[in-house]
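Guided by the hints, dock chain W onto chain B, whose structure is given.
These protein sequence lines map, in sequence, to chains B and W. Residue numbers are given in our numbering: position 75 of the first sequence equals residue 197, and the series is strictly consecutive. Residue numbers are given in our numbering: position 25 of the second sequence equals residue 27, and the series is strictly consecutive.
Honestly, the hints are just simulated from the structure, not real lab data. The beta carbon of each residue, even a glycine, is placed where N, CA and C say it ideally should be. Mixed in with the good hints, there may be bad ones.
[Claimed, not checked] Now the in silico label distances, taken between C-beta atoms and shown as ranges:
#	chain 1	residue 1	chain 2	residue 2	range
1	W	29	B	163	15 to 25 angstroms
2	W	53	B	136	29 to 39 angstroms
3	W	28	B	203	39 to 49 angstroms
4	B	180	W	65	18 to 28 angstroms
5	W	3	B	163	16 to 26 angstroms
6	B	178	W	75	37 to 47 angstroms
7	B	205	W	40	20 to 30 angstroms
8	B	139	W	5	13 to 23 angstroms
9	B	190	W	22	21 to 31 angstroms
10	W	40	B	151	19 to 29 angstroms
[To be verified] Below, in silico cross-link-like pairs of lysine to aspartate or glutamate (EDC-like), each with a Cα-Cα straight-line distance of 20 angstroms or less:
#	chain 1	residue 1	chain 2	residue 2
11	W	11	B	180
12	B	190	B	177
13	B	176	W	99
14	B	178	W	81
15	B	127	W	61
16	B	178	B	137
17	B	159	W	99
18	B	178	B	164
19	W	59	B	123
20	W	73	W	54
21	B	176	B	164
22	B	159	B	123
23	B	159	W	40
24	W	59	W	81
25	W	73	W	40
26	B	176	B	137
27	W	11	W	40
28	W	11	W	81
29	B	193	B	153
30	B	127	W	54
31	B	159	B	181
The chain contents come next:
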Amino acid sequence: DQQVKQNSPSLSVQEGRISILNCDYTNSMFDYFLWYKKYPAEGPTFLISISSIKDKNEDGRFTVFLNKSAKHLSLHIVPSQPGDSAVYFCAAASGSARQLTFGSGTQLTVLP
Amino acid sequence: NAGVTQTPKFQVLKTGQSMTLQCAQDMNHNSMYWYRQDPGMGLRLIYYSASEGTTDKGEVPNGYNVSRLNKREFSLRLESAAPSQTSVYFCASSPRDREVFGPGTRLTVL
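The shape of chain B in the complex, shown without the other chains (with noise of 0.2 angstroms):
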């Protein structure tokens, strides 16, 4: 049972445009978020984190919204750059242990 989905595991998104990647979670315990991004033979490298009390953190390009009701979390990328194409993962931890259950991931591909 899959407790952090990612549903789509490929997205391609023109330079310059909005990448939307998506993630769904199922255990209401889960308290704190984060995406990781990860580029073949490399490992996956801190992108940006969401904790449960708030709805929105910002980081330059990237944004990630919370919405707890529907146990859903997306990432945004404005604008989408060559360079961000990799595999996005999706993150979630519960409690002061912090250990991360992941998503399968998300290749984006972002064309120029």
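Below, chain W without anything else, positioned relative to chain B:
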């Protein structure tokens, strides 16, 4: 400051062989983790160590053992490798609010 380092980068084993994956971090983080990544399944937690001297099972611990040798080092051992353990293994460490990942070890078990 090298972050999280993992050795080896690649390894091919035969079924039944044993090996140890090494991980070290130089960021003075208390928590360390081992994950495996398989196609279409994201990263799954194998074992973690919240602090030096403690280890706990994650989601998929069967077939693995770990040792938290000191604050810097956290190793993962496969005692008798099986083809189902073919995967990419990532070590990570955490100061609390995010995990910093190593570059990964690609393991193939024939």
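Hint by hint, here is what the structure shows:
1. 29(W) / 163(B): 15 to 25 angstroms: holds, 22 angstroms
2. 53(W) / 136(B): 29 to 39 angstroms: At 47 angstroms between Cβs, range violated.
3. 28(W) / 203(B): 39 to 49 angstroms: Distance hint for residue 28(W), residue 203(B) is violated at roughly 31 angstroms.
4. 180(B) / 65(W): 18 to 28 angstroms: Given a distance of about 42 angstroms, which is not inside 18 to 28 angstroms, the answer is violated.
5. 3(W) / 163(B): 16 to 26 angstroms: Cβ of residue 3(W) to Cβ of residue 163(B): about 21 angstroms, so the range 16 to 26 angstroms holds.
6. 178(B) / 75(W): 37 to 47 angstroms: holds, 39 angstroms
7. 205(B) / 40(W): 20 to 30 angstroms: holds, 26 angstroms
8. 139(B) / 5(W): 13 to 23 angstroms: Between residue 139(B) and residue 5(W), where Cβ atoms are some 33 angstroms apart, the hint is violated.
9. 190(B) / 22(W): 21 to 31 angstroms: Roughly 42 angstroms apart at Cβ, these two residues miss the hinted range, so it is violated.
10. 40(W) / 151(B): 19 to 29 angstroms: Check passed, 25 angstroms falls within 19 to 29 angstroms.
11. 11(W) / 180(B): violated, 35 angstroms
12. 190(B) / 177(B): holds, 8 angstroms
13. 176(B) / 99(W): Holds - the C-alpha atoms of residue 99(W) and residue 176(B) are around 15 angstroms apart, at most 20 angstroms.
14. 178(B) / 81(W): Violated, because 45 angstroms separates the two Cα atoms, which is more than 20 angstroms.
15. 127(B) / 61(W): holds, 16 angstroms
16. 178(B) / 137(B): Cα-Cα ~24 angstroms, so violated.
17. 159(B) / 99(W): holds, 16 angstroms
18. 178(B) / 164(B): violated, 28 angstroms
19. 59(W) / 123(B): holds, 18 angstroms
20. 73(W) / 54(W): Roughly 5 angstroms separates the two Cα atoms, so the pair holds.
21. 176(B) / 164(B): violated, 31 angstroms
22. 159(B) / 123(B): violated, 24 angstroms
23. 159(B) / 40(W): Satisfied, since the Cα-Cα distance of roughly 16 angstroms is no more than 20 angstroms.
24. 59(W) / 81(W): Holds. Residue 59(W) to residue 81(W) sits at ~16 angstroms (cutoff 20 angstroms).
25. 73(W) / 40(W): violated, 28 angstroms
26. 176(B) / 137(B): Not OK: residue 176(B) and residue 137(B) at ~29 angstroms, beyond 20 angstroms, violated.
27. 11(W) / 40(W): holds, 16 angstroms
28. 11(W) / 81(W): At roughly 19 angstroms apart (the allowed maximum being 20 angstroms), residue 81(W) and residue 11(W) satisfy the hint.
29. 193(B) / 153(B): holds, 11 angstroms
30. 127(B) / 54(W): violated, 32 angstroms
31. 159(B) / 181(B): holds, 14 angstroms
Hints 2, 3, 4, 8, 9, 11, 14, 16, 18, 21, 22, 25, 26, 30 from the list above are not met by this structure, while the remaining hints are.
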